[in-house]
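Novice: Sequences listed follow chains A and B, in order.
Numbered according to this note's numbering, the first sequence terminates at residue 204, and the numbering increases by one at each position without gaps.
Numbered according to this note's numbering, the second sequence terminates at residue 1113, and the numbering increases by one at each position without gaps.
Think of the hints as simulated: they come from the structure by calculation, not from any bench.
Check the hints yourself; a few may be wrong.
[As the list claims (entries may be wrong)] Simulated pairs of lysine to any residue, SDA-like, Cα-Cα distance not exceeding 25 angstroms:
#1 B:K1067 with A:L56
#2 A:K11 with B:V1098
#3 B:K1067 with A:V26
#4 B:K1067 with A:R44
#5 B:K1067 with A:Q8
#6 A:K11 with B:S1071
#7 B:K1067 with A:E18
#8 B:K1067 with A:L33
#9 B:K1067 with A:S53
#10 B:K1067 with A:L14
#11 B:K1067 with A:Y73
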Amino acid sequence: MSSNRTDQAVKEYLHELELRLTGLPVLQRRELLAEIEAHIHDERVARGVASESDLLELLERLGSPEVVAAAAYEEAGLLAPREPVLSYAGPARAAARPLPVVAPPPDSPPPAYAGPFPPASDFGRSSYPPPPVAGPPFAPPPVRKQDGGAGLRVAVAVAIAAVVVVLLGCLAGGLMLTSRSAVDQAPSAVEAPAEPPAPQLPTE
Amino acid sequence: MADVAQLSTSLRRGTLEFCVLAMVEHEDRYGTEIVRRFGEERNLAASEGTIYPLLSRLRRVGWLDSKWSESPTGPPRRYYALTDTGRSALEHFRSEWVSFRQTVDRLVGTGGA
């Protein structure tokens, strides 16, 4: 009798319909839900629906959410999903995905970051690491696959190794710097690796 | 007698949409109006809610146009209007339907006198 209970019934009806329409394009789904909601409103006003039984009769004439949804899928030329569509393939596929590789297959360009973080022992190097003058400061552009011979693979491997060494050097250097400068300027220590202070080397 | 329901469903399929088009041929109407009109026809009786997906499709194929209009009692209403292509589809159906009906009448023996 109370309008709360009838409102609740309408809400439940619309909710169940919405759940069944998840396979429809969003605009079609919204359009249909709005039309059904407007229909229920119009009919409640026009027929003076007050009691819960009147409302249930109104909803019955409308058709169950299942029936309405089935018509919607048919008119949209779609198959009704048997159950809510899962957008991911599940844990089996995630497990099958290979972990980041250190050495890429020869026919794919080397990744910018060639490996996992270096082992902790590398951080313990006591000597101040020199700036990477020995190697190129940046990763060389990915070698496009031509007729991948053994030489090319070696070149790629060498390039990757160089990148790894440079990265390790930068990392270790950055870490040393941060650990040293942390005393003076703690807040900026985290960003140190992005722009490491130029080490002052004695020039000869 | 599930076959009876099956038959009326089959007969409705392909004809109901032209009944909808004819309903807005001379006057724009909103969804509940159209649905109520169908509710008065026992032969066409179907769950009222299934008319709305049909209206949606007719709009998507361009046979109906719709525009929003304020309602005196509640949320705005979507009024449906026949487009030019909808009008020619309706005319085409009318001529097809007459010859179709005559053929069925002749074959099934429902032609009467």
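Novice: So, for every hint listed, does it hold in this structure?
Specialist: Status of each hint after checking the structure:
For the hint pairing B:K1067 with A:L56, the CA-to-CA distance comes to about 30 angstroms; that exceeds 25 angstroms, so the pair is violated. Among the hinted pairs, A:K11 with B:V1098 is inconsistent with the structure: their alpha-carbon atoms are about 45 angstroms apart, more than 25 angstroms. Between B:K1067 and A:V26 the CA atoms are separated by roughly 19 angstroms; this keeps the pair inside 25 angstroms, and the hint holds. Of the pairs offered as hints, the one joining B:K1067 and A:R44 holds, with about 23 angstroms between alpha carbons and a cut-off of 25 angstroms not exceeded.
The hinted pair formed by B:K1067 and A:Q8 fails the criterion: a straight-line CA distance of about 30 angstroms is larger than 25 angstroms. For the suggested pair A:K11 and B:S1071, the alpha carbons sit about 21 angstroms apart, so the restraint of at most 25 angstroms is met. For the suggested pair B:K1067 and A:E18, the alpha carbons sit about 23 angstroms apart, so the restraint of at most 25 angstroms is met. About 17 angstroms separates the Cα atoms of B:K1067 and A:L33, which keeps this hinted pair within 25 angstroms; it holds.
Taking the CA atoms of B:K1067 and A:S53, the gap is near 34 angstroms; set against the 25 angstroms cutoff, the hint is violated. With a CA separation close to 23 angstroms, the supplied pair B:K1067 and A:L14 stays within the 25 angstroms bound. Between B:K1067 and A:Y73 the CA atoms are separated by roughly 24 angstroms; this keeps the pair inside 25 angstroms, and the hint holds.
Against the hints set out earlier in the document, violations occur for numbers 1, 2, 5 and 9.
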